[in-house]
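For the protein sequence lines, the chains are A and B, in the order given.
The first sequence lines up with residues 1 to 307 when you count with the working numbering.
The second sequence lines up with residues 1 to 280 when you count with the working numbering.
The set of hints was computed from the structure by calculation and includes no laboratory data.
For every residue, glycine included, the Cβ atom is placed at its ideal position computed from N, Cα and C.
Honestly, I wouldn't trust all of these hints.
[As the list claims (entries may be wrong)] Straight-line distance between alpha carbons at most 35 Å, and here's what the computed DSBU-like set of lysine-lysine pairs gives: (1) B:Lys169 <-> B:Lys150; (2) B:Lys100 <-> B:Lys150; (3) A:Lys225 <-> B:Lys82; (4) B:Lys220 <-> B:Lys150; (5) A:Lys127 <-> A:Lys225; (6) A:Lys198 <-> B:Lys220; (7) B:Lys100 <-> A:Lys198; (8) B:Lys48 <-> A:Lys127; (9) B:Lys220 <-> B:Lys169; (10) B:Lys220 <-> A:Lys225; (11) B:Lys100 <-> B:Lys82; (12) A:Lys198 <-> B:Lys150; (13) B:Lys48 <-> B:Lys169.
[Stated by the list, open to error] Non-contacting residues of chain B with respect to chain A, defined by C-beta distances greater than 12 Å in every case (computed): (14) Arg117; (15) Asp168; (16) Leu211.
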Amino acid sequence: MTLPEENVPRGRPAEIKAVPVRHYGRWVAAVLILYIAIWAVYSVANNERFGWDTINAWFWDGTILDGIVMTLELTVIAMLMGVVGGIVLAVMRLSPNPLISGVAWAYVWVFRGTPVLVQIILWFYVKALIPTFSLGIPFGPTFVHFNANDLITAFVAGCLGLGLNEAAYMSEIVRAGILSVDPGQGEAATALGMSRAKIMRRVVLPQAMRVIIPPTGNETISMLKTSSLVSVIALADLLYSVQIVYNRTYQTIPMLLVASIWYLVMTSILTVGQFYLERYFGRGTAQRQTMLERFVANLRVRSGRRA
Amino acid sequence: MASDDRPSLQKADEDDPVPGTGPRAGAPEFMVRAEDVHKSFGRLEVLKGIDLEVRPGEVMCVIGPSGSGKSTFLRCINHLEKINGGRLWVNGHLVGYRQKGDRLYEMREREVAAQRRDIGMVFQRFNLFPHMTALGNVMEAPVQVKGQPKGQVRERAVALLERVGLADKMDAYPAQLSGGQQQRVAIARALAMEPALMLFDEPTSALDPELVGEVLEVMKQLAVDGMTMIVVTHEIGFAREVGDSLVFMDGGVVVEQGRPRDVIENPQHPRTQDFLSRVL
């Protein structure tokens, strides 16, 4: 921003108006990349074997949209289980009580040490291992009986498989976040007479969030796609829905492209959400700008300079 | 605002003629009493028998070379460190333990936390909560620990921040404040709990030289108002001007103590003489 000539206070030198360095290489590269990109889009769009008609026909189909809803449901539930479970496990793991921290360690050991696909299948077939669940005192009286068949539907099995596995991964992310907070913070809160639980909730976790959010966004995006593993227990998520269609129509590639485009759309939305979450938890430290905000700010500076 | 709900920077009675001259009615004779306090980290013995007494209203400054155990001793007073031997009383209560007969019982975490509420502590590195504004930092403990109503706490917190000269920085985050301003917020934060005793752990050591003065000024005002303070510091000038007593620690023991002027101008022990000759 420059001040109009007459407003410049005496004694202050005029702002430097130097010719900026010109990046000719960048312009050449930009033209080249644009050329290649146009060519790629053109050749893909004109390649009939991609089956654009099929993609167009099925893109908004009810089956596909139902699959998307299922995928989103699974992702949200599994991530909720993962985040809540992960925080609980991480806090347990850092507990001074060796029993509690040992239990958390064992949980992570089991659920992180076996493939999530196997875990989903095991939850689905849990009725074969444990036919009935009952609520009561071990070795004592029981109060309620559940039939595993009614309780563990394919959807519940999918949520359990994905969510419990995610909790193990999230607990390590949360633990790293907690350990990243300056120990002086806990000390200051302790000196003020705060309890351990309150220190965790009010002081440590909000600061740990700054470290926890980026990998959690990563996990969410990963979960969106990992949830497609539930197709093995015949749960109609996005991927399974397109599989049903192409098993009938033999339009394998176009249908997989339909799913891929939808996955891409959903991950893009999540990426935007992640940015705002990061900015919220980064308050008090550096402020980040969106690409658009940066663009607008740049324009403003330039037009200001020209004026 | 009525004068009686002004935030009390002081615990001493208004009619106490000269702070630090003697115990007030009902208050124990000593705010802090240490008897042969020992502390080790593993095999490293940091405190090797500390005997000290701090009267209500007294400002005690503790000086000494780094590694002499002065910060550790300060942290023992509010039980941030557990002592291995001896006895330590604050305001007439054993710190961290309950005595029944001649047996000691460790206190539960909650009871220790309750004890700490009456002891304010200011750290070398400020340790403000970076995700809260200055006002939020000051309000946090009274609201969360004492469960006081927010409106009332807010009023007091605003007054405290005005008191430390930061009326215009209420809504600033710690990262937007200078070191001196941060430390003044930290002092206001500790005072918001209305402590009977304030501990200062090298409060000006992390500050740029030109910012030291503003923090010392706030501390000096606090001392004038009658707060009981233990100040670990390298500011010999502050110790001489504001302190009621001066303690020189080295190697985990109290080498020398007395009136600041006497100790600084006429140190008896060769180690004190050596230390002072290097810092003055």
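(message) To test your reading of the hints: which numbers does this structure violate?
(response) 2, 3, 8, 10, 13, 14
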